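Let's have the full structure, built from the sequences with the hints guiding it.
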Amino acid sequence: MAIAWKSLTRRAGGEVARSLLAAVWFMFLTFPIMVIKVSPLDKTIEWRWMRMVYVGVGAFFLSFVWRYLLERKETGPDKGEAGSWQKRVGARIRTDRRVFIPLLAAVGAFVLVFPLLFSSYQTSIMITALMYVMLGLGLNIVVGLAGLLDLGYVAFYAVGAYFYALMNHHFGIGFWVALPLAGLLAATFGILLGFPVLRLRGDYLAIVTLGFGEIIRLILENWNEFSFGPSGIAGISRPFTFGFTLTLEEHTIYLYYIMIGLVLFTILVVGRLRNSRIGRAWIALREDEIACQAMGIDKTRTKLMAFALGATWAGFVGCILAAKTTFINPASFTFMESAIILSIVVLGGMGSIVGVIVGAFVLILLPEYLRAFSEYRMLAFGAAMVLIMVFRPQGIISGIRQRYEFHAQTGEGAQP
Amino acid sequence: MTAALIPVLEVNGLIMDFGGLRALDDISIRVGRGEIVALIGPNGAGKTTFFNCITGIYEPTSGEMIAHPPGGLSKRLNRLKPNKVTEQGLARTFQNIRLFQKMTVLENVMVARHCRTRSGIFGAVFRDERTRREERDMVDFSYRMLVKVGLEKYVNELACELPYGAQRRLEIARAMATEPFLLLLDEPAAGMNPKETAELDELITRIRDEEGLSILLIEHDMKLVMSISERIYVLDYGQMIAQGTPGEVSANPAVIKAYLGEAFDA
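So the protein sequences, as listed, match chains A and B. Residues 0 to 415 in numbering that gives the first Met the number 0 are what the first sequence lists, from first letter to last. Residues 0 to 265 in numbering that gives the first Met the number 0 are what the second sequence lists, from first letter to last.
I should point out that these hints are in silico values taken from the structure, not numbers from a laboratory. Possibly wrong hints are sitting among the right ones.
[Unchecked claim] Lysine-lysine pairs mimicking BS3-like chemistry, simulated, CA-CA at most 30 Å apart:
no.: 1; chain 1: A; residue 1: Lys72; chain 2: B; residue 2: Lys101
no.: 2; chain 1: A; residue 1: Lys298; chain 2: B; residue 2: Lys80
no.: 3; chain 1: A; residue 1: Lys298; chain 2: B; residue 2: Lys101
Bear in mind the structure is a predicted one, so any value in this text is a computation, not a measurement.
Laid out in structure tokens, this is it:
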């Protein structure tokens, strides 16, 4: 008893000491921005010592919570409560039709009435989020399924956008004609990029694709005769409305429904691809390239298909972006865009469709709704990203594989 | 045996150089229809290099490799890509297990059906009748392969969650799903306990008898090699030092000296 008590107090003492250390460290780190306030006008320095106390006390208590959470994560999902209930809820939603159908109906109804309930501004934000859902799902094919780290995905996005913008500017081609063509053109660019990088993997592939993204952007920025340079292209037509004249607000709502349709189409296609002969070849390629080839899969074809099919969605979304904003310039296609789309895939969960959708909403909507916190917006956003990666390195929702049921002995397969 | 030998694989004068190092020096091997042939030798003798040459992972410096599929046209394997070699009907397993870890056991086998199926992007998206039939056949075929190696109870588990011995057997099931006429097994018994090795012995013989395919295996477990193989080739430092029946090989002084050790008492 005495020994147990002694070890307990020693452990508690250790925890307090560690938290104290964390508190001191945070006070030191935040000292320059939180405590010192230099006023250049009246040349005075204000020392806000109370703030240092707040930081210290806050860090002291938060470090307990932090270590508790880390410890719970260490014990593993089988033993820890959190993992098991998440798994149970996930399985329940997927398998139990009484839960799944009402949930789907509720989400569907909400999605349908959204633009009628909320302002045009909210709808516009939602359109942006849906565009990133599509971009995320497209990149998910390349990165999540085929395991090819592509840092230049934004290039295909730019190809789609400039294709529609230029076609519209020069030849007056409409949105609905340009949309499939933009996808096709982006797919062609995907294959063009694919060929030189067939032999590359991992870091090397990342660097080359990064370069490709930059090349496309620099061409658009500098080739004035072709792309009108940094000043961009303005006055791009909005989607054709079959004879109706719409106000700006109605146009937003119209585009919202177009986006919903396209996202559903994307989910259907990517979902079916994932559990197909091609999808399995992609995953096999990601898991082990040599074994994949030894099992009779043509590495070249499989990789090129992943690049082409991934790029197609970026082409579509690029076309939509041009139609939505009616103005594009190279500033919309910086490396930052690629990084955000990649974050959506990684944070949401590589290879998981629901994960990527959730990831896109978190990453696009969070900064918007955090505007209330004004200057702390990006800080909170960064903290959220770090937290997700520490506690769920596999992403918010990890991909699950198709299960098959067999009637014993006969070997008859049936998909649920 | 040798008199009735109809070869399915013929390798003549294979040489493989890595820079200045000759890993394989003038190796010639024949595997007959329905035969179980073993390739043995000390570590670093060049056995796995030999497999990598046949399966197209390495391109040999010189020599020729010819496949004679039963009931098909003979084909040179030189300069074929690994997936084309597999399409020809040679399937292999790996010394250090190379499963698709994050796929289910069934999917691992289904991937191996890739080269025997055709459906493309169109089929995957529209799921037409032909694709659905192909998918159904693929699932059934793969399931039968799993039954054959006794893994049917793990169908939906992830490959990385299988016990070690089961992973080895899954590699064999996956290789068989490509419908080979020659199965190349690279140390299938490595890391197995005696009971698992005995089961593997039974499995390999049964596969040969039921499927009528030929097997070329690399193995260190002498008990397994001596019990299942009909002929043995012995490699040492990239050279072929002996060949023959298990009895002949284990009595060969060069083999005893190079492989089994000076003081081995056969």
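* Is Lys72/A close enough to Lys101/B, meaning Cα to Cα at most 30 Å? -> holds (21 Å)
* Asked: Hey, Lys298/A versus Lys80/B, does the alpha-carbon distance stay inside 30 Å?
  -> Holds, at about 10 Å.
* CA of Lys298/A to CA of Lys101/B, is that 30 Å or under? -> Within the cut-off at roughly 19 Å; holds.
When the structure is compared with the earlier hints, no violation turns up for any of them.
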